[in-house]
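Novice: Got chain X sorted already, so can you dock chain D onto it with the hints?
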Amino acid sequence: MGNFFSSMFDRLWGVNKEMRILILGLDGAGKTTILYRLQIGEVVTTKPTIGFNVETLVYKNLKLNVWDLGGQTSIRPYWRCYYSNTAAVIFVVDSTDKDRMLTASKELHMMLQEEELQDAALLVFANKQDQPGALSASEVSKQLSLVELKDRSWSIVASSAIKGEGISEGLDWLIDVVREEQL
Amino acid sequence: MSTHTYKKFEEAESGVLPDKMTIYQDCLNAFNESPVNSKRCRLLISRLLQLLAQGETFPKTEATALFFAVSKLFQHPNDSLRQVVYLAIKELSAVSDDILMATSSIMKDVQNGSDMIKPNAIRSLTRVLDESTAFSAERLFKSGVVSKHPSISSAALVSSYHLLPVAESTVKRYSNETQEAVSDLKTFPYQDGLSEHYPNSTYISQYHALGLLFMLKHHDKIALMKLVQQFSSGNTLKNQLAQVQLVKLVGSLLAKDPQLVSQFGPLLLGWLSNKYESVQLEDAKLITSLPDRYVSPEIFASAVQTLQSLLAVPRVTTRFAAVRVLNKISMIAPEKIVICNPELESLINDSNRNVSTYAITALLKTGTSNNIASLIKTITNFIHEISDDFKIIIIDAVRTMALKFPEEWKHILNFLVNVLKQGEGGFQFKNSIVEALFDLVQFVPQSKEVALENLCDFIEDCEYNEILVRILHLLGKEGPSMKTPSLYVRHIYNRVVLENSIVRSAAVVALSKFALVKNDPTLVESIEILLRRISNDADDEVRDRATIALEFIESIKSNGESDPSPAEDLIQSKYTYDLASLESKLSQYMSAKQESFKKPFDASSISRYTEDERKAIDLKKKQEQMFSKVPTGKSKGKSTVSSDAEKRNGTYAGPGSDEMDQDLQSAKFAEELGSIDDFKSFGAIVNTSKDVPLTETEAEFVVTGVKHLFKNHVVLQFHITNTLTDVALDNVSVGCSPATSGDDCPLSEVATIAADRIKPSETFATYVAFEKSEEVVTEDLLNTLYFTTRELDPSTHEPFDGDEGFQDEYEIDSLPLTAGDYIKGSFVGNFSACFDELPNHEVSVYNIRENIPLQEVVDKVVVNTSCLTFDNTQFVSTDSNTHTLKLYGKSVLNGARVALVVRMIKSSKGIALKVEGRSDDPTLCSDVVNEII
Numbered sequence: 001m002g003n004f005f006s007s008m009f010d011r012l013w014g015v016n017k018e019m020r021i022l023i024l025g026l027d028g029a030g031k032t033t034i035l036y037r038l039q040i041g042e043v044v045t046t047k048p049t050i051g052f053n054v055e056t057l058v059y060k061n062l063k064l065n066v067w068d069l070g071g072q073t074s075i076r077p078y079w080r081c082y083y084s085n086t087a088a089v090i091f092v093v094d095s096t097d098k099d100r101m102l103t104a105s106k107e108l109h110m111m112l113q114e115e116e117l118q119d120a121a122l123l124v125f126a127n128k129q130d131q132p133g134a135l136s137a138s139e140v141s142k143q144l145s146l147v148e149l150k151d152r153s154w155s156i157v158a159s160s161a162i163k164g165e166g167i168s169e170g171l172d173w174l175i176d177v178v179r180e181e182q183l
Numbered sequence: 001m002s003t004h005t006y007k008k009f010e011e012a013e014s015g016v017l018p019d020k021m022t023i024y025q026d027c028l029n030a031f032n033e034s035p036v037n038s039k040r041c042r043l044l045i046s047r048l049l050q051l052l053a054q055g056e057t058f059p060k061t062e063a064t065a066l067f068f069a070v071s072k073l074f075q076h077p078n079d080s081l082r083q084v085v086y087l088a089i090k091e092l093s094a095v096s097d098d099i100l101m102a103t104s105s106i107m108k109d110v111q112n113g114s115d116m117i118k119p120n121a122i123r124s125l126t127r128v129l130d131e132s133t134a135f136s137a138e139r140l141f142k143s144g145v146v147s148k149h150p151s152i153s154s155a156a157l158v159s160s161y162h163l164l165p166v167a168e169s170t171v172k173r174y175s176n177e178t179q180e181a182v183s184d185l186k187t188f189p190y191q192d193g194l195s196e197h198y199p200n201s202t203y204i205s206q207y208h209a210l211g212l213l214f215m216l217k218h219h220d221k222i223a224l225m226k227l228v229q230q231f232s233s234g235n236t237l238k239n240q241l242a243q244v245q246l247v248k249l250v251g252s253l254l255a256k257d258p259q260l261v262s263q264f265g266p267l268l269l270g271w272l273s274n275k276y277e278s279v280q281l282e283d284a285k286l287i288t289s290l291p292d293r294y295v296s297p298e299i300f301a302s303a304v305q306t307l308q309s310l311l312a313v314p315r316v317t318t319r320f321a322a323v324r325v326l327n328k329i330s331m332i333a334p335e336k337i338v339i340c341n342p343e344l345e346s347l348i349n350d351s352n353r354n355v356s357t358y359a360i361t362a363l364l365k366t367g368t369s370n371n372i373a374s375l376i377k378t379i380t381n382f383i384h385e386i387s388d389d390f391k392i393i394i395i396d397a398v399r400t401m402a403l404k405f406p407e408e409w410k411h412i413l414n415f416l417v418n419v420l421k422q423g424e425g426g427f428q429f430k431n432s433i434v435e436a437l438f439d440l441v442q443f444v445p446q447s448k449e450v451a452l453e454n455l456c457d458f459i460e461d462c463e464y465n466e467i468l469v470r471i472l473h474l475l476g477k478e479g480p481s482m483k484t485p486s487l488y489v490r491h492i493y494n495r496v497v498l499e500n501s502i503v504r505s506a507a508v509v510a511l512s513k514f515a516l517v518k519n520d521p522t523l524v525e526s527i528e529i530l531l532r533r534i535s536n537d538a539d540d541e542v543r544d545r546a547t548i549a550l551e552f553i554e555s556i557k558s559n560g561e562s563d564p565s566p567a568e569d570l571i572q573s574k575y576t577y578d579l580a581s582l583e584s585k586l587s588q589y590m591s592a593k594q595e596s597f598k599k600p601f602d603a604s605s606i607s608r609y610t611e612d613e614r615k616a617i618d619l620k621k622k623q624e625q626m627f628s629k630v631p632t633g634k635s636k637g638k639s640t641v642s643s644d645a646e647k648r649n650g651t652y653a654g655p656g657s658d659e660m661d662q663d664l665q666s667a668k669f670a671e672e673l674g675s676i677d678d679f680k681s682f683g684a685i686v687n688t689s690k691d692v693p694l695t696e697t698e699a700e701f702v703v704t705g706v707k708h709l710f711k712n713h714v715v716l717q718f719h720i721t722n723t724l725t726d727v728a729l730d731n732v733s734v735g736c737s738p739a740t741s742g743d744d745c746p747l748s749e750v751a752t753i754a755a756d757r758i759k760p761s762e763t764f765a766t767y768v769a770f771e772k773s774e775e776v777v778t779e780d781l782l783n784t785l786y787f788t789t790r791e792l793d794p795s796t797h798e799p800f801d802g803d804e805g806f807q808d809e810y811e812i813d814s815l816p817l818t819a820g821d822y823i824k825g826s827f828v829g830n831f832s833a834c835f836d837e838l839p840n841h842e843v844s845v846y847n848i849r850e851n852i853p854l855q856e857v858v859d860k861v862v863v864n865t866s867c868l869t870f871d872n873t874q875f876v877s878t879d880s881n882t883h884t885l886k887l888y889g890k891s892v893l894n895g896a897r898v899a900l901v902v903r904m905i906k907s908s909k910g911i912a913l914k915v916e917g918r919s920d921d922p923t924l925c926s927d928v929v930n931e932i933i
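Which chain is which? The protein sequence lines are X and D, in order.
Residue 1 is where the first sequence starts when you use the UniProt record's numbering, and the numbers rise one by one after that.
Residue 1 is where the second sequence starts when you use the UniProt record's numbering, and the numbers rise one by one after that.
Simulated from the structure, these hints should not be mistaken for lab results.
Check each hint, because a few of them may be wrong.
Stated by the list, open to error - Estimated spans, in silico, between C-beta atoms of each pair:
#1 D:Asn29 - X:Arg179: 18 to 28 Å
#2 D:Lys256 - X:Thr103: 23 to 33 Å
#3 X:Arg179 - D:Met21: 34 to 44 Å
#4 X:Pro77 - D:Glu804: 30 to 40 Å
#5 D:Pro35 - X:Thr103: 31 to 41 Å
#6 X:Thr103 - D:Gln229: 54 to 64 Å
#7 X:Pro132 - D:Asp793: 26 to 36 Å
#8 D:Asn29 - X:Glu181: 16 to 26 Å
#9 D:Asn29 - X:Pro77: 19 to 29 Å
#10 D:Ala751 - X:Thr103: 54 to 64 Å
#11 D:Asn29 - X:Glu169: 34 to 44 Å
#12 X:Pro77 - D:Gly234: 37 to 47 Å
Stated by the list, open to error - Facing chain X, according to a computed beta carbon distance under 8 Å, are these residues of chain D, among others:
#13 Ala102
#14 Thr103
#15 Arg127
#16 Glu131
What the hints assert, rightly or not - Cross-link-like lysine-lysine pairs, in silico, DSBU-like; alpha carbons within 30 Å at most:
#17 X:Lys47 - D:Lys108
#18 D:Lys39 - X:Lys47
#19 X:Lys63 - D:Lys39
#20 X:Lys63 - D:Lys172
#21 X:Lys47 - D:Lys90
#22 X:Lys60 - D:Lys108
#23 D:Lys148 - X:Lys47
#24 D:Lys906 - D:Lys336
#25 D:Lys275 - D:Lys217
#26 X:Lys47 - D:Lys142
#27 D:Lys142 - D:Lys108
#28 D:Lys39 - X:Lys163
#29 X:Lys60 - D:Lys39
In this text the structure is predicted, and so the values were computed from the model without any measurement.
Here a beta-carbon is modelled for each residue, glycine too, at the ideal position from N, C-alpha and C.
Here chain X stands alone, though its shape is the one from the complex:
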């Protein structure tokens, strides 16, 4: 009996609904730092992720299942193993790394073509804004040719994981979009 009520409340508040979010991007873009900034609100020292990190966090009454996949060339092919049931993708770009913008763009568009990600929302973080010489969000957007994306809710936010700027703004947008689509 108790179970029944609690599950009814859960449905009302949407707490028990888990949402899968992937954090992707090239190596060294700051994915793991963003993940732990979200979970514990602190900057942790990280080393290159071999494989993935997964954390569950509650954000605005919503249970998020956040997967941070390693960005090294050798690990990128395995991203696709984790695409199914994904509600949203967070793509992290190192705004100072102008040389690899093209690579990032290619990886992004290749990923979005996947069948399993057709309904997923996309949030791009133009990260490392605290560093000198970082491209602005609109410049990054141009480099990644985001405007070409059709039939997808997307947004780009300038962020700094180290300083904690832009992260919650981006996530707020994402939650709104996803909640709208799912309910």
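Specialist: Same frame as chain X, but now just chain D:
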């Protein structure tokens, strides 16, 4: 709801699994679900594990899919789910691809997980790491090893064993922490709730740490000595297994250098009265397996005493282990354990059959002719209750006893015949009985008649072709010289009528031998009639053999008494070849190049033995077997020199397994050399020496050398192993310079072949060839290793670009070409007669001013001369100061015989040697005599 879950559990416990594909599908679906149902996933994984444990496997793609699905369960924080996830990862990582994807997640748990899952996480971490990722886990392992929690520390230590072959350098980097872990007594953090009866920890991590340390340092003698010193003193090691491990460690040190026994003496003695039985046992085993001459009789006696007291303990496993060690000793030195006889006798009726079997076999060895009868009676009573393996052990013991006490043959024969006729037991068992009967027939002539009759009875009802054929052969050999040959003919002919073609053809050969019986003309006629009848047999082989036998008999008859026909030799051969050398010569002939096939194979160079000689050799071999059965463990315990001596020993006693190995090795070398163009013109190899080490085994570059003698050339082959981890060696060659320089030098270098690159832990061969005259040429060759070192990039394992490397050289031991290289040991029936008849005589005297045991000198002489020892003179009795060594061999160039008598006297000033040599060849004689040490 509750009934529902109840049923589910019942289903899981019943042990019946759904089929493989259902489990596979269920797993994929459940693991990919969101949110994860942890209970159901646990159940499914346990099913999956059960499936894998039953030996089922998945194809690579499916296993990989499962692996990825399982890795998704990392999102669930439940500890008990995580534990089974680790088990699944551990199992799947063996069959799946791309296992590195789990690395980060596992590392996180190792770092921040709860104590409950940390050990599991560490264990599965080793499975997913490879050489390139291992270094990033170094810190995790280090903190695991130093953890105060015994389970975590043990997990990290044991996992490091598995990491060693993958990334040795990583494990080496925390050897200091490992060392600390040995002396650190770790207890479980949960104090309350445990009663006083249960110790708070077994300190098992000490054992694991000690094991890892040993693996890391097993090359480094000094470090190991330090370890023993550090951990044997005081009360550092609490764990029983760790103490046993320490004993084993001392054992491995002693195996490399038996001289250390005196240093470890007090330690070994102390362990004999250790509070743990297992430590006592291990120690006693170690002491009794050491070479005699290094162990003082007092220590040996106290080890036996300890074993004796262990025979009476209530624990069966201890009794078993003790009686097994005693049994081993009984094979080499039965007189040393006679004091245990009362205990052993009381163990004959032990409720555990394995214990009683060993007790009896030990008693059989220590037994005297008085109690044999009663012992055999006891065995007869219980032999049917034990397994075949133990039966064979007993039969072997009875067999050696038969050779030791030939006068007791009646009891022994009766016993053997009885067990043979009981009809139970497999081939191995029957074969060992028949083997024992064969020995009786050969070496105990009084028993011949009865034994043969019983074998005749046995073949009337025997299902094993191999045994039948052997018995028929024996009957053919022995039968014609017995009192009533016709009796055997009847039995043999029965086989022709009743058996399959393999047995029939063996029977035909046996029958034909009876045609040579001189005193019974009717028998010859009947044989002929029988053979004619057989020549209509349905089988080709049987017919052919019968026809050819008839031909032989005809030709013998027509030649008459006065002029024996050569066919007689063919029916009943007078001699056999030395099979080992026949085999090696044949394989050399086969491995040589095409041209040599133009000449037929020359069998005359192989030594032949007459019947008596062969028997003598056989008997010697059998006796040696009695003493050397143990030595699988024992020979390891001896220094290399003495095991070389054993090898030699083996040659004239028949082909020991070592000898076989060496033959195989020289055949392999012959093939390798044959494939090198530069050496093709040299012809066939005349002799190949043993592979001798030219550096310490712990050196950075380990070099061993082999000498190959050709008719006009000599080729030195060097095997170079690079033991460094991060340096490659380029253009490696060995420079050989003869000690005599200028025109006097009998050798001139004709070719050198270098190795291009030797990467870490690789071995390559380089060659140097010299031209020499056909005569015996002896020369000391000084060797230097030349090479260019190039540092390797740790990520690619290729040399850095642009690194020129730098040239270096390294002095290694010299590899002298000695007279011994021209000699191959051989057998002679009567040594002293042969010695006296040889024409050339040479005498030389040596003085050795070092205080070394005589045995060491003997070993060295035997190795240097490559001769065989005679009359058991290779063993020096421990309490004597004088010794006479007899050696015999033949030149590989011209077959000239060499016999040596070396007399030695040991005094306080050193050792004096007088060498007397005789030979067909004067140069060889003087060369050998003058280079004996």
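Novice: Now look at each hint and say whether the structure bears it out.
Specialist: Results of checking the hints against the structure:
no., hint, verdict
1, D:Asn29 - X:Arg179: 18 to 28 Å, "27 Å, holds"
2, D:Lys256 - X:Thr103: 23 to 33 Å, "57 Å, violated"
3, X:Arg179 - D:Met21: 34 to 44 Å, "39 Å, holds"
4, X:Pro77 - D:Glu804: 30 to 40 Å, "39 Å, holds"
5, D:Pro35 - X:Thr103: 31 to 41 Å, "35 Å, holds"
6, X:Thr103 - D:Gln229: 54 to 64 Å, "59 Å, holds"
7, X:Pro132 - D:Asp793: 26 to 36 Å, "33 Å, holds"
8, D:Asn29 - X:Glu181: 16 to 26 Å, "24 Å, holds"
9, D:Asn29 - X:Pro77: 19 to 29 Å, "24 Å, holds"
10, D:Ala751 - X:Thr103: 54 to 64 Å, "55 Å, holds"
11, D:Asn29 - X:Glu169: 34 to 44 Å, "37 Å, holds"
12, X:Pro77 - D:Gly234: 37 to 47 Å, "57 Å, violated"
13, Ala102, "5 Å, holds"
14, Thr103, "4 Å, holds"
15, Arg127, "13 Å, violated"
16, Glu131, "13 Å, violated"
17, X:Lys47 - D:Lys108, "11 Å, holds"
18, D:Lys39 - X:Lys47, "33 Å, violated"
19, X:Lys63 - D:Lys39, "20 Å, holds"
20, X:Lys63 - D:Lys172, "44 Å, violated"
21, X:Lys47 - D:Lys90, "24 Å, holds"
22, X:Lys60 - D:Lys108, "26 Å, holds"
23, D:Lys148 - X:Lys47, "26 Å, holds"
24, D:Lys906 - D:Lys336, "27 Å, holds"
25, D:Lys275 - D:Lys217, "28 Å, holds"
26, X:Lys47 - D:Lys142, "17 Å, holds"
27, D:Lys142 - D:Lys108, "15 Å, holds"
28, D:Lys39 - X:Lys163, "40 Å, violated"
29, X:Lys60 - D:Lys39, "28 Å, holds"
When held up to the earlier numbered hints, the structure conflicts with 2, 12, 15, 16, 18, 20, 28 and fits the remainder.
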